[in-house]
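Asker: Could you slot chain B onto chain A? The hints should help.
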Amino acid sequence: MALRGVWQLKKMVVSYSDWGGSSRGIRSFMESYLPAFKEKNPQLEVVTEHIRGQHPHLKGLYNNQNERVVCVKNMDPEEILQCATRLRNSLGRKVVKLRTRHVTKHPSVQGTWTTDIKF
Amino acid sequence: MANRRCLQLLTRRVSALFSANPPFHTLSTPPPPLSTHQPLISNSPLVFTPHWSAHTRHFSSDRNDDVNEDSQDDDDDDDEIGYSSDDGSLSKGGGSKREYTAEEMEAEAAGIGYKVVGPLEKTDDGVFKPYEPVFAVIQIGSHQFKVSNGDSIFTERLKFCEVNDKLILNKVLLVGTSSQTMIGRPIVPDAAVHAVVEEHALDAKVLIFKKKRRKNYRRTKGHRQELTKLRIIDIQGIQKPEPVVTEKPSKAPGKKPEKVAVAA
Numbered sequence: 000m001a002l003r004g005v006w007q008l009k010k011m012v013v014s015y016s017d018w019g020g021s022s023r024g025i026r027s028f029m030e031s032y033l034p035a036f037k038e039k040n041p042q043l044e045v046v047t048e049h050i051r052g053q054h055p056h057l058k059g060l061y062n063n064q065n066e067r068v069v070c071v072k073n074m075d076p077e078e079i080l081q082c083a084t085r086l087r088n089s090l091g092r093k094v095v096k097l098r099t100r101h102v103t104k105h106p107s108v109q110g111t112w113t114t115d116i117k118f
Numbered sequence: 000m001a002n003r004r005c006l007q008l009l010t011r012r013v014s015a016l017f018s019a020n021p022p023f024h025t026l027s028t029p030p031p032p033l034s035t036h037q038p039l040i041s042n043s044p045l046v047f048t049p050h051w052s053a054h055t056r057h058f059s060s061d062r063n064d065d066v067n068e069d070s071q072d073d074d075d076d077d078d079e080i081g082y083s084s085d086d087g088s089l090s091k092g093g094g095s096k097r098e099y100t101a102e103e104m105e106a107e108a109a110g111i112g113y114k115v116v117g118p119l120e121k122t123d124d125g126v127f128k129p130y131e132p133v134f135a136v137i138q139i140g141s142h143q144f145k146v147s148n149g150d151s152i153f154t155e156r157l158k159f160c161e162v163n164d165k166l167i168l169n170k171v172l173l174v175g176t177s178s179q180t181m182i183g184r185p186i187v188p189d190a191a192v193h194a195v196v197e198e199h200a201l202d203a204k205v206l207i208f209k210k211k212r213r214k215n216y217r218r219t220k221g222h223r224q225e226l227t228k229l230r231i232i233d234i235q236g237i238q239k240p241e242p243v244v245t246e247k248p249s250k251a252p253g254k255k256p257e258k259v260a261v262a263a
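Listed in order, the protein sequences are those of chains A and B.
Residue 0 is where the first sequence starts when you use numbering that gives the first Met the number 0, and the numbers rise one by one after that.
Residue 0 is where the second sequence starts when you use numbering that gives the first Met the number 0, and the numbers rise one by one after that.
Everything labelled a hint here was simulated from the structure, so no lab data went into it.
Just to be clear, a hint being listed does not mean it is correct.
To be verified - Quick list of the computed label-pair ranges, beta carbon to beta carbon:
| # | chain 1 | residue 1 | chain 2 | residue 2 | range |
| --- | --- | --- | --- | --- | --- |
| 1 | B | F208 | A | E44 | 38 to 46 Å |
| 2 | A | V102 | B | S177 | 17 to 25 Å |
| 3 | A | T113 | B | P240 | 16 to 24 Å |
| 4 | A | D17 | B | Y130 | 50 to 58 Å |
| 5 | B | F208 | A | E30 | 55 to 63 Å |
| 6 | A | T111 | B | Y216 | 27 to 35 Å |
| 7 | A | T111 | B | E241 | 47 to 55 Å |
| 8 | B | H222 | A | T111 | 32 to 40 Å |
| 9 | B | V205 | A | T113 | 29 to 37 Å |
| 10 | A | V95 | B | S178 | 37 to 45 Å |
Note that this is a predicted model, so its numbers are computed, not measured.
Glycine residues also receive a C-beta, built at the ideal position from the N, C-alpha and C atoms.
The shape of chain A in the complex, shown without the other chains (with noise of 0.2 Å):
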């Protein structure tokens, strides 16, 4: 998640209710593997928003402004961490299929062929 060496993720916010059974993940999340997570990731900023009555989610804001969310529901905190690590790895850009798998603006170096060309 890094375009040209530039993280590409901002802001993550880490929503979790306290009362919710399906928080408890995140929860202890929150005290084992966040405090790593935000040493590992110091250009990031990570912010925990209490939602009560609500299951809990993570949030992703990118550089080009767009927003991923994750719903972290009933999930263990080694899973959290995962989707908390893909967030981080990717860029912002929306998720559809590939065109191709090699984007280039110049695509040819000696000269597209014509049927033309004589060598």
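Answerer: Coordinates of chain B only, in the frame set by chain A:
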């Protein structure tokens, strides 16, 4: 009826076994298969059931005559339905929890992906150079790409690199410029292509739908492929042409004497 007969036979045998205690080949089977069958049979004494299940594993179809078959079918359906994109992460985590030593990592990386991980980038501002008219044909895993400076490539997930890592792709099959081409047999020695890992992401979900008509068979499976995006920085191993940049400074002094002449 067959179950009661089996039970009587086996209780006799088991009592003999307990007294003699010889090693029995059927006893080696573990008790867990019993756990699904325990609620089905009320007559069997709990102590002897492990051995009983070992024998009657062959007759499992007879056992189900007494009890409803719906419970077993429901289990199968739940296994099919409970498939979500999270399971992909679970299986990936479970499978790749192997601890690799440094040598193993390098060997695997070099052997399968033909890459060597260099150091992380730290304020190397000159890394992303402007376009140079040089290209190379690279192989990563089983896929080949024709790359140039500044291109992006999506490959299968490369294991041993994080985002913002520098890679050296050393399986280069062909290098070329506008004037020269070097063809490798099969690789060009001393040619290297530098790349930076931009992202590790999942592709969009594809639905795998299987159906056999008139056979009551229909399955839907979702799949998200893990990809890595690499940006090519530099191609080494061939003499690059000199860039032609010196147009503007030569024009300015040329214009000034012309203007002076006109004014005069």
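Asker: 29 to 37 Å was suggested as the range; check whether the CB atoms of B/V205 and A/T113 agree with it.
Answerer: holds (36 Å)
Asker: If I claimed the Cβ atoms of A/T111 and B/E241 lie 47 to 55 Å apart, would that claim hold in this structure?
Answerer: With a Cβ separation near 23 Å, A/T111 and B/E241 fall outside 47 to 55 Å, so the hint is violated.
Asker: Holds or violated: 50 to 58 Å for the Cβ distance of A/D17 and B/Y130?
Answerer: holds (54 Å)
Asker: Assuming the hint says 16 to 24 Å, is it satisfied by the Cβ distance from A/T113 to B/P240 or not?
Answerer: Distance hint for A/T113, B/P240 holds at roughly 23 Å.
Asker: Is the distance from the Cβ of A/V95 to the Cβ of B/S178 consistent with 37 to 45 Å?
Answerer: holds (39 Å)
Asker: For the hint 38 to 46 Å, verify it against the beta carbon of B/F208 and that of A/E44.
Answerer: holds (42 Å)
Asker: Range hint 55 to 63 Å: satisfied by the CB atoms of B/F208 and A/E30?
Answerer: violated (42 Å)
Asker: Using the Cβ atoms, figure out if B/H222 sits within 32 to 40 Å of A/T111.
Answerer: holds (36 Å)
Asker: Between the beta carbons of A/V102 and B/S177, is the distance compatible with 17 to 25 Å?
Answerer: Holds: the Cβ-Cβ distance is about 22 Å, inside 17 to 25 Å.
Asker: Taking the CB of A/T111 and the CB of B/Y216, does the distance hold inside 27 to 35 Å?
Answerer: Since the Cβ atoms of A/T111 and B/Y216 sit about 49 Å apart, the hinted range of 27 to 35 Å is violated.
Hint violations for this structure: numbers 5, 6 and 7, all remaining hints satisfied.
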